[in-house]
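Chains as they are written, first to last, in full-length UniProt numbering: chain A, 1 to 415; chain B, 1 to 289; chain C, 1 to 231.
In short, the hints are calculated from the structure, not lab data.
Bear in mind that the values here come from a model prediction, so they are computed numbers and not experimental data.
Glycine included, each C-beta is placed from N, C-alpha and C at the ideal position.
Please note that a few of the clues may not be correct.
[Said to hold, decoys possible] According to the in silico footprint, chain B covers these stretches of chain A (three or more CB under 8 Å from chain B):
| no. | region |
| --- | --- |
| 1 | 38-51 |
| 2 | 123-137 |
| 3 | 214-220 |
| 4 | 224-231 |
| 5 | 274-281 |
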Amino acid sequence: MSSKRLVATAVVSSAALLLSACGSGGPGGGDGEFTDGKVTLAVLNDQSGVYKDLSGPNSVKAVEMAVADFQEKYGDDAVVEEVEVVSADHQNKPDIANTKAQELYDREGADIILDVPTSSAALAVATQAAEQQKLYINIGAGTTELTNGQCNKYTFHWAYDTYQLAQTTGTAIAEAGGTDWQIIYPDYAFGQDMDKSFTAAVEGAGGTVGDHIATPFPNDNFTTFLTKAASAEPDVIGAMQAGGDLINLVKQYNEGGYADDGIDLAVGLMFITDIHSLGVEAFEGVQFAEAWYWNLDEENRAWADRFLDETGTRPSFAHAANYSAALQYLEAVQAEGTDDADTVVGHLEGKEIDDVFLKNGKVRAEDHRVIHDVYLAKVKSPDAVEEEWDYEEIVSTIPAEDAFMPLEDSSCSMG
Amino acid sequence: MNEILQYTVQGLAAGSFYALAALGLAIIFGVLGVVNFAHGACYMLGAVTAAVLLDLVGMNFWVALLVVPVLMFVFGVLLERLLVSRLTALDPLYNFLLTFGLSLLLVDLVKRQYGVSGLPYTRPEILTGQLSVGDVRLPTYQVFVLVFSLLVCLGVWLLMTRTRIGMIVRASTEKSELTRALGVDVSRWVTPVFGFGIALAGLAGVLAAPFRAITADMGSSFIIILFAVVVIGGLGSIVGAVVAGFLVGLVEAFGQAYAPTLSQIVIFVLMAVVILIRPAGLFGREENA
Amino acid sequence: MLEIRGLDAFYGEAQALHAVDITVGEGEVVTLVGRNGAGKTTLLRSIMGLHRDVRGSVTLAGKDLTRTPAHQRARLGLGWVQDDRGIYASLNVEENLTLPPVTHVDSAWSLRQVYDAFPVLADRRRAPGTTLSGGEQQMLAVARVLRTGARVLLLDEPSEGLAPVIVQRIRDIVLEVKQRGSTVLLVEQNVAFAASVADRHYVLAEGTVAADLDNAEFTARQGELLEYLGM
Chain A
1 MSSKRLVATA VVSSAALLLS ACGSGGPGGG DGEFTDGKVT LAVLNDQSGV
51 YKDLSGPNSV KAVEMAVADF QEKYGDDAVV EEVEVVSADH QNKPDIANTK
101 AQELYDREGA DIILDVPTSS AALAVATQAA EQQKLYINIG AGTTELTNGQ
151 CNKYTFHWAY DTYQLAQTTG TAIAEAGGTD WQIIYPDYAF GQDMDKSFTA
201 AVEGAGGTVG DHIATPFPND NFTTFLTKAA SAEPDVIGAM QAGGDLINLV
251 KQYNEGGYAD DGIDLAVGLM FITDIHSLGV EAFEGVQFAE AWYWNLDEEN
301 RAWADRFLDE TGTRPSFAHA ANYSAALQYL EAVQAEGTDD ADTVVGHLEG
351 KEIDDVFLKN GKVRAEDHRV IHDVYLAKVK SPDAVEEEWD YEEIVSTIPA
401 EDAFMPLEDS SCSMG
Chain B
1 MNEILQYTVQ GLAAGSFYAL AALGLAIIFG VLGVVNFAHG ACYMLGAVTA
51 AVLLDLVGMN FWVALLVVPV LMFVFGVLLE RLLVSRLTAL DPLYNFLLTF
101 GLSLLLVDLV KRQYGVSGLP YTRPEILTGQ LSVGDVRLPT YQVFVLVFSL
151 LVCLGVWLLM TRTRIGMIVR ASTEKSELTR ALGVDVSRWV TPVFGFGIAL
201 AGLAGVLAAP FRAITADMGS SFIIILFAVV VIGGLGSIVG AVVAGFLVGL
251 VEAFGQAYAP TLSQIVIFVL MAVVILIRPA GLFGREENA
Chain C
1 MLEIRGLDAF YGEAQALHAV DITVGEGEVV TLVGRNGAGK TTLLRSIMGL
51 HRDVRGSVTL AGKDLTRTPA HQRARLGLGW VQDDRGIYAS LNVEENLTLP
101 PVTHVDSAWS LRQVYDAFPV LADRRRAPGT TLSGGEQQML AVARVLRTGA
151 RVLLLDEPSE GLAPVIVQRI RDIVLEVKQR GSTVLLVEQN VAFAASVADR
201 HYVLAEGTVA ADLDNAEFTA RQGELLEYLG M
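Just chain A, same shape as in the assembly (with noise of 0.2 Å):
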């Protein structure tokens, strides 16, 4: 059979790429200011599961932007003159994001991983950064645990966490009297930590949580979950799906007529790009919480309209963070000179910084959690969307220092 030669071609050249491996990764590289004479910048995400659209391939065109604007602000000023970017799709699996990862700052030379959504594939590539003492700044992932139990010295939390998404979403409609909860979640690991935020969130504002439901992952019919749910006559319906499964659910939550009921629903996890897939009509009126939002003022509207130019669709906040991530990692190397690790992550700690994503954004020493201002959001009505893409009207600004997790709270101790 020709399996077998299939099988020999293969043993033969990854034992040849194994080789080139050894033989570029080597030690002796660290002499100058600049490993191989270069930055190389990683995006690691799903370049074509679940996660591409409201990430994806057009995070690397953001990481892109990114480095073009270093160049034309630094021009022949900058420490280094060739910075590249690379990416790798680790279908949102921890075993491939771990190899992924091992592959990019090996073999690709990359001084720094960005994104990796799916927290149990973050927290294998925190785990592989902190090995390999090279910076992982995650974006797509929303496990407090890598500023908590397992934070490190060289991995940075961005944009969004579970705990200020809960924080955001949970606490204002508890506040706003939407007290009496039922939360659907779906059962692995950022599922979980949703609802133990969520049900923290509802709870520290005077509100109740009824039952948590556990639903498979993925799952298309969630008619039995809704039904059970809104048998206990809640106030809100806490739906912590992400993608596909968020679709399913709010489709078949507009279907039951739950809103008629005085059933609200609350989601806890929602991208612009899931708006635009499911039309207004779907969403209309639903509350969530937002990092960041293309249309909310001049500046940010005026980078959108570059990344529009770029990839023919409007930013959401991963886009926008993965740009500010890179640009803050360029803007470091730049100030100290070199690609050195624990040089740049020097630099990075405790930074002050305000850019098109960051407003009132600071990098905290301690836990490495990226603090800055977020929004709850709720889906415009149809009639007030005025273009396409405008679908979001900001309810209420949430201050950085209130948004995220306290510091006194958190696990972290970097050893």
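Position chains B and C relative to chain A; hints supplied.
For chains B and C alone, coordinates are given in the frame of chain A:
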């Protein structure tokens, strides 16, 4: 009590999608001996086509319910003529691999063209809201899906039992070689039957469009459940596919209600139990197994 | 009517038939006798075009069938009754009868004639085919090819596993078919049954024709044959 009724309707509505698609899968397997792994992708294609036609030419749901299955039929006929027929003389594994590869290709093509976030779809006004039965309210759309697919299954059953075409399909499903030796040109029916099976998957996709996320991946987990359905019903058994489709829908709904995290595992436990007790499935004949 | 010349049949590497020559004249009833594994069923399947791994020629009424697919061979007048009778469980008795298309209108039995000849089939016309008894299924299988008007019947062990009274009934049918001018090639292990209906006999051994006997010779050497067949 109210909840029990609601769960039942929800289960049967979910089962409707399985029953329609499994029916197509069973007919294709019966006549061609091909396990069509691309069936989930065809279900997805049905939903995506409905959404794209709505967007491009404003085709409404009712028209799509007719037009999309016809398009899928044509797609199935082309598929059979251009690819599947070239491999039918070989080990069935070749066609299994072909359709597996095809499903990956279709999913990626749709992703490339339409992304992964899904496509919007508006359902007709008349199917929104709820129906009240006593003091129980049932979503109109679920009731519609259930009634509609029962009618389609009934129609297919009549086609199978009351027409000469149906007789030939049943005969070649049961004994393909003998049927040829009795002077029936089975190969003449192979192409339309394949197209028909694909059209049923596409129809299930159109029905899903208003109710589920229309994404390139929507068929990927669907096909796995679908295989469980045809194994439970008995490979190639037409009645078995329909009954098992609704049964699996019910098991899923009550599983979700009483053992949420186990609701998908329960389906495969059911499959295992059926295989242990009746290896050929609930309605399968031992000699075919 | 039916001529087989130099027929070799293979199963992969193994050769099941070696240069078989058989001739069946119009209106003749000819049997093929031989032990299990002698190649009788393979020969019938090769004639029908179901076994494709063959060399040699099959000619029906002067027409070469070598490249003709099975369903066309049936339409040209070959009526096959396979050894397990081939009754469809998912078709009722009448559907079993009407599934094969009528190919020769002048010699075809009408449904009415079939029911007159086999009243039991008329009584059970709506019942699933496989709910009939073994003998009834055999009648149904024979009636099915009679209804098409097939000019040459290929019967694979029609008496196998049936009670003597039923075998008697099958014999009557074969004789009646013969009387109507049809041609029959009959595979049999039941030597007495073969002798009572046939004009000529071929003895098949290890894939070759070992003897070609007329009925008188066959009857005379019946004892020897029985011993040879191990009965």
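Consistency of the hints with the structure:
Coverage of the region 38-51 of chain A by chain B holds [criterion: at least 3 residues with CB-CB distance below 8 Å; count 4]. Judged by the Cβ-Cβ criterion of 8 Å, the region 123-137 of chain A is not covered by chain B as claimed, because only 0 of its residues qualify and three are needed. Given as covered by chain B, the region 214-220 of chain A passes the check, having 6 residues with a CB less than 8 Å from a CB of that chain where 3 are the minimum. Look at the region 224-231 of chain A against chain B: 5 of its residues bring a Cβ nearer than 8 Å to a Cβ of that chain, three or more, so the hint holds.
Residues of the region 274-281 of chain A with a Cβ under 8 Å from some Cβ of chain B number 6, which satisfies the need for three, so the listed coverage holds.
Comparing the model with each earlier hint shows a violation of hint 2 alone; every other hint is respected.
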